[in-house]
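Here the protein sequences line up with chains A and B, keeping their order. The opening position of the first sequence corresponds to residue 1 in UniProt numbering, with each subsequent residue numbered one higher. The opening position of the second sequence corresponds to residue 1 in UniProt numbering, with each subsequent residue numbered one higher.
Worth flagging that the hints you see were computed from the coordinates, not collected in a lab. Ideal Cβ positions, reconstructed from N, Cα and C, are used throughout, including at glycine. Treat the hints with caution; some may be incorrect.
As the list claims (entries may be wrong) - A few chain A residues that face chain B, going by a derived Cβ cut-off under 7 Å, partial list only:
id : residue
1  : Tyr72
2  : Asp75
3  : Glu114
4  : Gly156
5  : Val248
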Amino acid sequence: VLNVITFHDWRVVPPRHPHLTGCVSTNLETFRCRWNVDYFQNLSQPGDLRLFYINNKPPHAPPKEWSECPHYSTDRPNECFFNENHTTVWAYYSVQLRSKDLAILYDENRFNVEDIVQPDPPVGLNWTLLNMSLTGAYYDIMLSWKPPRSADVEMGWMTLQYEIQYRSVTSELWEVVDLVKNTQRSIYGLQTNVNHEVRVRCKMHGGKEFGEFSNSVFVHISSKVSTFPVVALFIFGSLCLVAILMLVVISQQEKLMVILLPPVPGPKIRGIDPEILKKGKLRELTSILGAPPELRPELYNNDIEEQNDTLTDLDTDWLMDHSLSSNCSPLSVGFRDDDSGRASCCDPDLPSELEVSPFHPLTPTQILSKEPSCPAASEQSTLVQGSTGVEPLFVAPSREALYTQVSGVRSSGNVLLSPEVDKTTNEDSEKDMTEKEKEKKAFQLLVMNADDGGYTSELNAGNMSPRSSEGDMSERDMSDHSKAGEDLSSSPSPSPYYKSDTSSMSALAPVPVYTMVEGVDTQNSLLLTPNSTLAPQMINQKSVPTPDGYLAPDLLSSVTL
Amino acid sequence: MWFSSGMQRAVWAVLLWPYLLTLCIPLVCKEEQGSLTRCPSISQEKLLDRVIQHAELIYRVSEESCSLFQEMFVPFPMRLQRNQAGYACITKELPIPSSKSEIQQMSDKWLLHSVLMLVRSWIEPLVYLQTTLDLYDDASEVLLNKTKWVSEKLLSLEQGVMVLIKKMLDEGMLPTTYSEQGLLHNDGQPEMLESVMRDYTLLSCFKKDAHKMETFLKLLKCRQTDIYNCA
Chain A
1 VLNVITFHDW
11 RVVPPRHPHL
21 TGCVSTNLET
31 FRCRWNVDYF
41 QNLSQPGDLR
51 LFYINNKPPH
61 APPKEWSECP
71 HYSTDRPNEC
81 FFNENHTTVW
91 AYYSVQLRSK
101 DLAILYDENR
111 FNVEDIVQPD
121 PPVGLNWTLL
131 NMSLTGAYYD
141 IMLSWKPPRS
151 ADVEMGWMTL
161 QYEIQYRSVT
171 SELWEVVDLV
181 KNTQRSIYGL
191 QTNVNHEVRV
201 RCKMHGGKEF
211 GEFSNSVFVH
221 ISSKVSTFPV
231 VALFIFGSLC
241 LVAILMLVVI
251 SQQEKLMVIL
261 LPPVPGPKIR
271 GIDPEILKKG
281 KLRELTSILG
291 APPELRPELY
301 NNDIEEQNDT
311 LTDLDTDWLM
321 DHSLSSNCSP
331 LSVGFRDDDS
341 GRASCCDPDL
351 PSELEVSPFH
361 PLTPTQILSK
371 EPSCPAASEQ
381 STLVQGSTGV
391 EPLFVAPSRE
401 ALYTQVSGVR
411 SSGNVLLSPE
421 VDKTTNEDSE
431 KDMTEKEKEK
441 KAFQLLVMNA
451 DDGGYTSELN
461 AGNMSPRSSE
471 GDMSERDMSD
481 HSKAGEDLSS
491 SPSPSPYYKS
501 DTSSMSALAP
511 VPVYTMVEGV
521 DTQNSLLLTP
531 NSTLAPQMIN
541 QKSVPTPDGY
551 LAPDLLSSVT
561 L
Chain B
1 MWFSSGMQRA
11 VWAVLLWPYL
21 LTLCIPLVCK
31 EEQGSLTRCP
41 SISQEKLLDR
51 VIQHAELIYR
61 VSEESCSLFQ
71 EMFVPFPMRL
81 QRNQAGYACI
91 TKELPIPSSK
101 SEIQQMSDKW
111 LLHSVLMLVR
121 SWIEPLVYLQ
131 TTLDLYDDAS
141 EVLLNKTKWV
151 SEKLLSLEQG
161 VMVLIKKMLD
171 EGMLPTTYSE
181 QGLLHNDGQP
191 EMLESVMRDY
201 TLLSCFKKDA
211 HKMETFLKLL
221 KCRQTDIYNC
231 A
C-alpha cells in the first residue's frame, strides 16, 4: 500500500510539476506514455520518475498491485512503452507518475487503449492529373496514399479514415476535404500556375483524435492561359442575346400574342339582335323568325362553306353584339376567323338590318372550333349548344333582355312578347326578368324554330304562359327544361308555365302547349298554328336520347310539332 | 456544460447521416422476424459485409452517445474516475481475449459466438438505459434518439449474426437466451450523481463491447477473403 499525497486537481499544481503529456497508441496493439519534467531538471535522469499502471483485466479481480512500466524507452527520455504483452485492448488502464521513492504522485491518467489511438501518418502520398478545364485555368487531380505500416488494416484490426488538407502555398488557410475511407480522393478546381500543398492524416474509425500529418506533397501545373477575355466574352455575349430577345419580344408583341394565344373565333351563330328584342320591335323579330317551310332543309346544313353563304343578320354576331362594346380585347380586332369567314366576335362588320332568313343551323363543331376571345362570346357559344343542363349563360349584363318570352299569341296571330305584356300584366314580371330567365326565354324563342338542333330541348317554347312573378318558377323551369331535354317524347305535360297564374291570359285565346311557327307575315309577326291538336303529335315523337337535351340536326326531322 | 440549441442542431445534423446510411443497408431479409430460414437470397459475403457495416455504425453511434453524455451530465472532475470500484463493466460468461494475438488464435466459430453473446448481453441493458435517460431532465433529443437507434440496430445485428452462424457454421438456430446482465453498482440510494455515473459507465462499457464486436467481425471477414494474411 502506497502512502502518497495525491494531487487530483492538477490545476492547483504549479505548472512546472512533472506531468504526463499523454498516452498514445498507434496501432491498437502497443502504446506508450510520455511525461514532461519542465523545469525540474534534476529529475530528468532516468529512473527519477517512475510510471505505474494497473489494469482491470480481468474484472473483479482483487485489487491488484501497481506494476511498473515494462519498458522505459531508450530512444527517447521520459517515455514508457507498453508492448503487446502488456497491452490489453478493452481494459481500463490507470497510470501514475511518481517520484523515485514513490512518495510523490505527480500525475495520474486513466484510459482505454482503444480510446487513445492516434494512427501514424499515411505514407506514399501521390497525385495524378485527372483533367484540365477548357480554358486551361483549372485542373483536377487524383490523390492516392497508403495506410501507415503500423496499422493493421488488411486484417481489419483497424479501420482508418483519412482527411486531406490542401492549400496554395501563399495562403495560410488549409482547405479540408471530408473524411474518406478509401486510400484515394480527387481534388477539383485547383488553379494552374499556382503551387499547391497537400497533406493527409488519418484516425481510427470511431476514434476521436487524428494522427500526425503526412509529409506534404506539392502540386504544380503551369499553363498559358488568359482567362479574362473568355469570361468577359461569355458574359457580354449572353447579355447581348438577352437584350436581342427582349427587343424581339417587345417589338413583336402583338404577333407573338397571336402565335401564343390565338384568337378564338366567334360563334357562328348570329342570333337576334338584342336591340330588336329590347325595343320590342316585333316586326323585325318576326321577319327573322319567319321562314317558309321549304327553307328548312337549309337549316340542316352543317356544311361550313355553305354557312358562309347564308350568313345574315342572324349570325351570332348579334348574339355577341353586346360584347362589342364591352369585353373585347383590342388585339382580337383585325384578326379573322378562318373557319367562318367572319371575324371574331369583336369584328364589327355585321349587317345591321334584319332580313328574312332561316336560322343558322347550329353545330357544335362550329361553335367549338374556336373559342371567342371575348369572354361573353364564349359564354354564348356554350349557350347555343343547347344544353339544358347549362344555365343559359347568355350574358348581356348591360341589357335588360336579349331574349324574351312569348307571353301570348293574339288572335291576330301576333306574338306577344313579355316586355309588351308587362305593361298590361304583372309589374313584377319585369322584376323577374332576370338575365337568367330572359335567356331561358330566348332559348325557348329560338327553339320555336324546332328544326334547329340547338334548341330542341326547349320544345315547350310554345308555351304561352306569362312569366310569373314567382321567383321560384325559374328554378322549376330549369329543372323542367332539363327534363324536357332528356325526354322529348314527354307528353306535353303541363309545363310549369301553366302553373303560373293565367289571369293575364284570360283575355287571350287558349294557347296550345306547343305550336308551330308557320311563318312570318308581312308585318314581321309570327304566325303560329293555333291548332291545339298539334300538341298530341308531341307524344308520337320518339324519345331521342340526347346529352343534356341537345338534339342533333338529323334527329330534328323526327321532331315535329 | 449544456449544449446550446444551436449546437444541438449542428450536432444533430452532422450525426444524422449514419441513419441515412442504415436506411440504405437493410441488414437481413425483412421477413425473418420469426424464422431465420427464409433468407436464401443473400449471399454469405454480402451478409457478412452488412453485419460489419451494422457493427461499425453501432460502434460509431455508441461512441458519439458516450461523448454526448459525458459532455452533458458528467462533471469534469469525474470524467477520469470511470471504472472505479463501483462501476466495473459487466461480466461475461465467455472470457474475451483482449489482445490481437489472442484474438487471432480464436476460431471462426468462437468469434461468431462471442459476437452473438455480446450482442445479446446488451439488448436489455440498452432498453434499461433508454428508460433511465428519459428520466433525465435535460437529456437532449439527439442523445435519446441515438440510444434508441442503437438498441434497435442491435436487434437486427443479432438476427444477422444468427443467420450468419447458420450459413457459415451450418448450425441450427440458437435459442435466444439473454444472459443475465447487470452493472455492479453500489447498493444505496441512487442519487443523481450515482445514476449519472452508472449510466456513463454503462455507455462506455457498451462502446467498448461494440468495438469488440466490430473487430471480431472484421477479423472474420479477413479470414474469409484472404486467410494467409489474416491468420
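Checked hints:
1. Tyr72: For Tyr72 (chain A), the interface hint is violated, since the closest Cβ of chain B sits about 21 Å away, which is over 7 Å.
2. Asp75: Interface hint status for Asp75 (chain A): violated (23 Å vs cutoff 7 Å).
3. Glu114: Holds: closest Cβ of chain B sits about 5 Å from Glu114 (chain A), inside 7 Å.
4. Gly156: Holds: closest Cβ of chain B sits about 3 Å from Gly156 (chain A), inside 7 Å.
5. Val248: violated, 48 Å
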